[in-house]
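Mind assembling these two chains? They're in different frames, but the hints should get you there.
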Amino acid sequence: MKHKILLVGIILGLMAAPFLSPQAEQKPQPWDGSRTTAVHLIPLKDEFDQPIVPTVPNPLPYSTRYTCAPCHDYSVIEQGLHFSATAASQHGRPGEPWVLADFQTGTVLPLSYHDWKGMWDPQELGLTFWDFTLLFGRHMTGGGMSEPEIKETSPESRWNVSGRLEINCMGCHNASRMQSHSEWAKQVLRHNFRWAGTAASGLGEVGGMASRLPGTWDIYDGPNPDDTEWAVVPFVKYDRESFDSKHRVFFDIAPKIEDQRCLACHSVTQAGVKRYTAAEDIHSAAGIKCVDCHRNDVSHAMIRGYEGEDIDYQNSEVKEFSCQGCHLGRDLKKKGRNGSGRLGAPYPKHAGIPAVHFERLSCTVCHSGPVPAREMTQVRTSRANRLGIYGVAQWSTAWPSIVEPVFVRERSGKISPHRLMWPAFWGRMEGEKILPLEPSLIQQAAGYILTVEEDVARILTTISLYSEIEGIPVLVLSGKVYEPNVDGRLDVSSVGDEAPSGKAIWAVKQEGKVSPIIPEFDPDAETPDPDIESRIQMLLESLAMVENPPGRPALIYRKALYQITEGYLEKVENPEEPAEKAGFVWVQDGRIIPMVTDFQVRTMTALVGYEQSLTEEQVKEVLKVLSQIKSSSGQSPNQDYFYISGGRMFRLDAEGSLFSAPHPAAEPVVWPLGHQVRPAQQSLGANGCKDCHSAGSAFFFAGVDGVGPLKTQSVAQSSAHAFMGLSKPYQKLFGLSFTGRPAFKVILFAAAALVGSLILIIILLALGKLSGIIEKRR
Amino acid sequence: MYSIIFIVSILTLLLTLSIHRFLETKSRAPGASGAPSSGYFSWALRRVLFSVKRLKQSYQKWIIKRYKAGERWVFICLALTYGYLAASGFVFSLAGIRLQGVFLLLHMLLGGLFAVCLSLAVVFRARFYRFDTQPSASSRKRLSILLFWVFMASGCLLIATALCLMLPIFSLRTQLDIFAIHRYGALASLLSAISFISFSRVDDS
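Each protein sequence line maps, in turn, to chains H and X. Taken in order, the first sequence gives residues 6 to 783; the numbers are from this note's numbering. Taken in order, the second sequence gives residues 199 to 403; the numbers are from this note's numbering.
It should be emphasised that the hints constitute simulated quantities derived from the structure, not laboratory data. Just so we're clear, the structure is a prediction, and the values are computed from it rather than from any experiment. Glycine included, every Cβ here is placed at the ideal spot set by N, Cα and C.
Here are a few chain X residues that face chain H, going by a calculated C-beta distance under 10 angstroms: (1) VAL300; (2) LEU302; (3) GLY309; (4) ARG328; (5) ALA351; (6) GLY353; (7) ILE357; (8) ALA360; (9) LEU361; (10) LEU363; (11) PHE368; (12) GLN373.
Looking at chain X on its own, in the form it has when it is part of the complex (with noise of 0.2 angstroms):
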């Protein structure tokens, strides 16, 4: 069950993001050169092809400017840890394995290292993220606000199941419950990081 939930929201989420970027860049430029007169699917390649060709520049547009040096790799690490934590316990979830053996022990250790960092992540960011401050934002702007308090929460939530889950208090029927609501907490982190990020990233300024 969980499984389809998965793929079917995922899916979905890619799916309408970019068919909305599709259709947003084709009003934007309609008869301007390079602009996407083709289908849907090959634009859609088009972009993914360029994403990979223009990764550095990503990053130097993501990272190095967005961020100063200190704060930096507090946001790389929460990156790194996230893909790593996101790609074993889905890949795991998945395939229909409970998550085991070294895998289990980076996500453990990662987990962690994840959890400090996003307490960071929050400390250094949540000011540029308040909804009270920037009455004037555009609906672009104020959905990625709240993709990005919906991601911390979803990672606070994935914070504190993990951390029922290892004290000796919870009975194991409430502990199954406990672990649904990691595993949900994760597709909620995740489908909001795909969202903030498709978001923030066109008014990125």
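The shape of chain H in the complex, shown without the other chains (with noise of 0.2 angstroms):
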């Protein structure tokens, strides 16, 4: 009897097992209807879905999936716009592309798992979600691709020392002025995916770097006592204070997200402004939040609000928050009679505006984005240019370069305001197709050629830390001063009234002051000055600490040359021409090898103090050595190497030349902008129709010339009426008929002044006809 109770009692437990998962818990929970939101004061849960408690040695950091399980269902929340990239069988309108932008390379490569044009699949580069996931995790709010499962792992990657990067929750709902995204990105750069949730919502401090462990190390392995200082592993140290006698923590859930957080990875801003003086949204100005329009329910399908969006996503709902829903309500036939769309928000005149424009362009043309001028606005994004992430380093980057407005014909035929980048990436071609390359790849293959200023950089820093020199070593090239900065490249300034000179003078910054790293002395002299002497040596030994260095070091000065022999200062005789300025250089097999080369000369002169990071030579060069590659390889003939900037692809003709042609992969990617919103006041057509159409109308006819990071004068120059598709020469006939509207207006005033005048005096006199009047008189 017992043993059947037994056998019943398991049978029923294995049968219940599966609905006492944390996900089988998970109902739909219908809003009951009330409009407060939750205390949250819940217990935290790791990721094998244990309570934590703070005080029992090494807790493990919290984990969304089963810290919000009980009540949200995490399996519906990862479907969400944000954490379903990869998944998504939707795209919609194209988005804000991640940028691979790599300086050194001069890479600034569109990426994006949605099928969007222009933008490259992260997978046919041969990025895994892993290496993604390091290159952009800053930025992203884990889950999806971050998240994945151990059949979606590649082998290269370290999912089980790092953990696995869950949705961060807190990251959009914490309203604690504690939630740090910059403590987010730390964590994420450190490989402390696990950890990165918890250090950002300032629960816990977390310690230590998963980048640092070796491949090996797993969750159970625990901390390694034997390692304090290095590879330490992470751990995260909670704030008691935070946990009730339960070990329930208080989450400050904000009942609607606060702007801030939206901010974090949306922000768009122009470059080079003040921070006082940069635009604001009028609908965040008047108070109204991001996700007031930007909505969803527990599915985190976020609306994004644009037309067409209700055709995409098939849901006739998210209509109502767009512009058009908003401010001229469902049922456009009414025309703002039944007031306008959701909560009153006003109907638009648009006094004086043909309908056609209403038409053909989406509101966002006239009310969105900077007021279109000759010059494209310069603008810097969170995203594309790692902006919001604080600390002593500057995170931020000037690459890549994203202007806007281009006004652009979407799929739906309307003309919307887009932002615009230009691609710049190397690549190889194999007939038409066109597989972008690695910037690791190309770093590996071009060597010093891509690696001038940091190798110059790294002299003059060796100088300075194995030397007792006063000052900053520096050089001085072309009137120019050229030091070595925090970020391991180099600064340059202006040195003064000295004229510039095509050589290299080595050099010492001391109180804004440039001075010969060794003053002036006679070489040939028959009693050398001692002092000069031991500082000959004493650089002489710095620079010997250079990493790789291609031979000894030496100094040259006239027939002279010294160099350190056995630990003493040896003066042997110049093999060279006589130099008319020490400077140092490298002895290889008693073969002179400058210090600073010519081609280094040159492409220092060229980019430092400039945003472009690369000169036609080097990509001259790059291309030379891997079609070496592609030739001691035997790869087949119809493969080509190139580098894209500026809208032109580059290549090496028969002779070895650079040339440069367009390219469809060369292209400008673009993507619909949606913010800042302007006031009507400052609405484009609020001056009258000039404002876009005239014979110069910035509108239609400003440049958008390509540019990238590559020096060159080839880059593609085109107008904004090509985006649009229309004709530059209508464009300009009809902006030019503008000039002469006011006295057509008169004519056509005084025409139907004249033509109704007659009319009326005609019916007034049959009126006095038909009445007897005139008839009388006469």
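Structure, rendered in structure tokens:
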């Protein structure tokens, strides 16, 4: 009998098991109608679904998957817009790409898992989910590709060490000022994926770096007591004050997500403006929050708010949250007679604007983004330019160069404002097929060709570190001073009144003054100056510390060559031409190699202090190296390497000369912009038709010239009208017609008045006759 | 809706006028040589071919004899601009496409010329179309006077609505209504022009 009871118990237990798991506990919870937000005083769970007790040793970071799970269905949430890029069946209107920007190789490659024009699938580039998370996790929400299943992981990945990057629920929902996006980014870059959410939320302090741990480490291994300095296992120290006696934590959940949370990843600001002068979206200024329009339910299918979204996502309800939905109402045929849209948003009169504008232009053309000018406005975005990560180091980057507003005809046929960037990348062409190459491959192949700035900076830094020289060692070149900076690159400044010279002069900068690193001396003097000699020896000893030197350091001046031999300064005869200025060289097997070559001089002069990172000479040299790889690897002859920048494709011709040509792969990538929305008074057309319709209209004829990391005159040149698919002569003519509009209106008025008056007279005469008034008078 | 109204009204008018003319011609010379003894359709076909053949004569009769040399160009211009305006406006409208591109630009420019010509035409011709001075005029003549003024009134409406659409005064909603008035004004103008030509041509002296 007991056995039977036990058996039944086991069977019932097995049947009930699925329903006891956290995922199965979740049931669809329809909204009960209350507009309040629940107090989130809840126990924390780790990734093994175990409660977290902050007082026990080595507690694990909290897992959103299990902490939030009892009430919120994680499996539903992870299908949401922010988490499902790799799995989305509907891509909708193009959005901002992730931009793989590598300054050294001049790579600016727009990537997206969505099927959007001009954007490359990361998988085509060979980027795994692991690579992608490392590159862009700083501005990702977690979940989706950052939380892959075992079968989705790649062999070289280190998910077992880093853990999965779960959805960072508090990244958006936390109302606490402790929520730190910078902390999230820092933890992601340290490979502390499973700890990132805990650290960012401020619940605890996270230390250690998973990136320094061996690839064999696993969370079950726990901390390493033998290493408390370098390869420290990530740990979390919870703020115990945050826990109550039942080990519950209060999550300060915002009833409506704060704009600051959205702006961590969605900020867009004009480049180079001061913070207090930056434009603000009129809706935000009026107190409307991002989530007032960009709404979602537990599915996290965010409303994107563009025209046509209802068709793309087959959800008619979202129509109400577009510009038209709010300002015109649902029933457009009523033309505002039903009041207006949501919350009585102002119904626009659009006085004097012909109806054709509303058929062919989206609302954002006139109301969003900067006012069109002859030059496009350069903007920086959070995700592309790494904004909003604070610390001593400068995180943000100038590249990619994104400009707006470029008016482009969309799939719907309507014109809308877009942001634009020019792709730049190295690649291989197989017949018609274009294959971008990863920056690491190019760095490997190009070697010194692309590391000019770093190599020179390394020499100067080595002198600075290993010699007791006063001030900062610098290189003076063509009237400019090049000094190393904290990023391992060079800064440039003007040397003052000194005449430009093509020769590199080693110097030292102290209190703003630049003087030769070795004071003027006579190498032929019978009695050498001991101070000079000891200085030369000190500098040569420090230069010997340079990483992977091509030879022994030496100093040449006139006919003398100074080098260190067995710890002593030795002066020998300079085998080369006498040097006019004292300069450092490498001596390799009796051969003199300049420490700064002519190639480096040309490259530095051309690039340091400029936005660009490559010269045509560098591109040519790298393409030569790549073509040698091609010939040595025996690749098929129809393969060709190229570099794309500024809207043109650069290749080598049969003679080995660099040439450029347009190519579809070099065309700019565009995506629509929705914000910043300007007030009606500042919209296009508020000052009349000539805001757009004039012979020199910036709207139609602003220049859109290619920009890229390559310093070249060979860039694509286009005009705004081309992106709209409009004819330039016609738009010029049409714009010109507005010059005569006032006179035209006067003519029409006079004609209507004349004809109308005569009709009135005739009617009056007829009435006069009918009534007998005219007859009587006669 | 507009297309249907347009097609129905134009066809009805053309049919009515031609049948009226057919019956009138038939009753005027029932036994004469060359008189239409056959049916309506063959008569209509012959009339069309006849009109095309005698285009030059019609021009002589209508323009050269009717108007002074100084006034002639006004009416030629009026006819040509009106022809383009009607063709461009109605073709695009019937095709369900918004008037655009060079056609729109020409429509606007020629619209201005049309306004000027119409003003001059009404100045030159108004005295011939007074209701009060022709008490003994035939009903046909009276009808053609009425049609002349309907044409002028609809032309005036077209000019006024075009002007209104250019002024930064009216809201989009009002503009759409004005645009509808413009289109129906154009239809009224075309109907009156056809009728006027049909009636005034017979009694033209």
